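Visitor: Make the full structure from the sequences, and use the hints.
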Amino acid sequence: MPANPRPFRILKARTFARWTKREGLADGELAGAVSEMKEGLIDARLGGGVFKKRIAKRGQGKSGGYRMILASNLGDRWVFMFGFAKNERDNIDDKELKLIKDLASVYLAMDEPMLKRAITAGELVEIRHGKQETA
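In our numbering, each number is its position in the sequence shown, counted from 1, plus 1.
None of these hints come from the bench; they were simulated from the model.
None of the values given here were measured: they were computed from a predicted structure.
C-beta atoms are modelled at their ideal positions from N, C-alpha and C, and glycine is treated no differently.
There's no promise every hint is true.
Below, computed lysine-lysine pairings styled on DSBU-like, alpha-carbon distance capped at 35 Å [claimed, not checked]:
1) Lys22 - Lys87
2) Lys22 - Lys58
3) Lys58 - Lys87
4) Lys99 - Lys53
5) Lys117 - Lys99
6) Lys87 - Lys53
7) Lys102 - Lys117
8) Lys53 - Lys22
9) Lys39 - Lys102
10) Lys99 - Lys58
11) Lys117 - Lys87
12) Lys87 - Lys102
13) Lys58 - Lys96
14) Lys96 - Lys117
15) Lys117 - Lys39
16) Lys39 - Lys96
17) Lys22 - Lys117
18) Lys96 - Lys22
19) Lys99 - Lys39
20) Lys53 - Lys96
21) Lys99 - Lys22
22) Lys39 - Lys87
23) Lys117 - Lys53
24) Lys58 - Lys39
25) Lys22 - Lys102
Label-pair ranges, simulated between beta-carbon atoms [as the list claims (entries may be wrong)]:
26) Pro114 - Ala27: 28 to 34 Å
27) Asp103 - Arg19: 19 to 25 Å
28) Arg129 - Asn88: 28 to 34 Å
29) Lys117 - Glu89: 17 to 23 Å
30) Lys53 - Met111: 18 to 24 Å
31) Lys87 - Lys117: 33 to 39 Å
32) Gly25 - Pro114: 30 to 36 Å
33) Arg118 - Gly41: 29 to 35 Å
34) Arg59 - Arg19: 16 to 22 Å
35) Gly29 - Lys96: 28 to 34 Å
36) Arg59 - Lys102: 15 to 21 Å
Guide: What follows is the structure, encoded as structure tokens:
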């Protein structure tokens, strides 16, 4: 019998959570993007634990959809930090990338008590996925 896969957390920064709500992006779409990334389908490795992932807009393909910037250790932690629609901007600039990398290092270094405090304070929002959804 295969071992249970290692549990992982999917989180979103507070500002990212507000943006997804305005855009109508469901948590299930974000969890699906993480599943794809866990399978190796990563659109861009930006360095410093920062990755870019495309998500399709409903009724459109990924090429005209959304771009998500997230921090991850490619294991047990995935933190969505920034998103934009392709029709709003092409990419992030070098200054933004540096700030995002700095923030990613903080998110990836947090231990469990720090994560719990950030979630309780509303700085991070946890996305329920897989078996967690029914718990």
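Visitor: All hints are to be evaluated individually against the structure, with a verdict given for each.
Guide: Hints versus structure:
The straight-line distance between the Cα atoms of Lys22 and Lys87 is roughly 17 Å, inside the 35 Å bound, and the hint therefore holds. Under the criterion of a C-alpha separation no larger than 35 Å, the hint pairing Lys22 with Lys58 is consistent with the structure, at around 14 Å. Pair hint Lys58 plus Lys87 holds up; C-alpha atoms about 10 Å apart against a cutoff of 35 Å. Proposed proximity of Lys99 and Lys53 is supported: the alpha carbons are some 14 Å apart, at most 35 Å.
Between Lys117 and Lys99 the alpha-carbon distance is near 26 Å, which keeps this suggested pair within the 35 Å criterion. Pair hint Lys87 plus Lys53 holds up; C-alpha atoms about 13 Å apart against a cutoff of 35 Å. Note on Lys102 and Lys117: the hinted pairing holds, with a Cα-Cα distance of about 22 Å set against a maximum of 35 Å. A C-alpha spacing of about 20 Å is found between Lys53 and Lys22, which places the hinted pair at or below 35 Å, so the restraint holds.
Between the alpha carbons of Lys39 and Lys102 the distance comes to roughly 20 Å, so the proposed pair stays at or under 35 Å and holds. Distance restraint check for Lys99 and Lys58: the Cα-Cα separation of roughly 27 Å lies within the 35 Å cut-off, and the hinted pair is therefore satisfied. For the given pair, Lys117 sits about 33 Å from Lys87 by alpha-carbon distance, which is consistent with the 35 Å threshold. Distance check on the hinted pair: Lys87 and Lys102 sit about 21 Å apart at the alpha-carbon level, within 35 Å; holds.
Annotation: proposed proximity of Lys58 to Lys96 holds, straight-line Cα distance about 27 Å (limit 35 Å). Proposed proximity of Lys96 and Lys117 is supported: the alpha carbons are some 30 Å apart, at most 35 Å. Taking the CA atoms of Lys117 and Lys39, the gap is near 24 Å; set against the 35 Å cutoff, the hint holds. Simply put, Lys39 and Lys96 have alpha-carbon atoms about 28 Å apart, close enough for the 35 Å limit, and the pair holds.
A threshold of 35 Å between alpha carbons decides the hint, and for Lys22 with Lys117 the separation of about 22 Å falls inside it, so the pair holds. Between Lys96 and Lys22 the CA atoms are separated by roughly 26 Å; this keeps the pair inside 35 Å, and the hint holds. In summary, the hint linking Lys99 to Lys39 is supported, as the alpha carbons are separated by about 24 Å, within the 35 Å threshold. For the proposed pair Lys53 and Lys96, the alpha carbon gap of about 16 Å is at most 35 Å, so the pair holds.
Straight-line distance between C-alpha atoms of Lys99 and Lys22 comes to about 26 Å, which keeps the hinted pair within the 35 Å bound. About 23 Å separates the Cα atoms of Lys39 and Lys87, which keeps this hinted pair within 35 Å; it holds. The straight-line distance between the Cα atoms of Lys117 and Lys53 is roughly 25 Å, inside the 35 Å bound, and the hint therefore holds. For the suggested pair Lys58 and Lys39, the alpha carbons sit about 21 Å apart, so the restraint of at most 35 Å is met.
For the given pair, Lys22 sits about 24 Å from Lys102 by alpha-carbon distance, which is consistent with the 35 Å threshold. At roughly 29 Å, the beta-carbon separation of Pro114 and Ala27 lies within the given 28 to 34 Å, and the hint holds. Hint check: Asp103 to Arg19, Cβ distance near 21 Å, so the stated range 19 to 25 Å holds. Under the hint 28 to 34 Å, the C-beta atoms of Arg129 and Asn88, about 30 Å apart, fit the expected range.
In this structure the supplied range 17 to 23 Å is violated for Lys117 paired with Glu89, their Cβ-Cβ distance being about 34 Å. Our hint of 18 to 24 Å for Lys53 and Met111 holds, since their Cβ atoms are close to 22 Å apart. Against the hinted window of 33 to 39 Å, the Cβ-Cβ separation of Lys87 and Lys117 comes to about 35 Å, which satisfies the hint. The hint said 30 to 36 Å for the Cβ distance between Gly25 and Pro114, and at roughly 34 Å that hint holds.
As the Cβ distance of Arg118 to Gly41 is approximately 33 Å, the hint placing it in 29 to 35 Å holds. Checked against the given bound of 16 to 22 Å, the beta carbons of Arg59 and Arg19, roughly 19 Å apart, stay inside it. Separation of Gly29 from Lys96 is about 33 Å and conforms to the stated range, judged on CB atoms against 28 to 34 Å. For the pair Arg59 and Lys102, the supplied restraint of 15 to 21 Å is violated, since their beta-carbon distance comes to about 31 Å.
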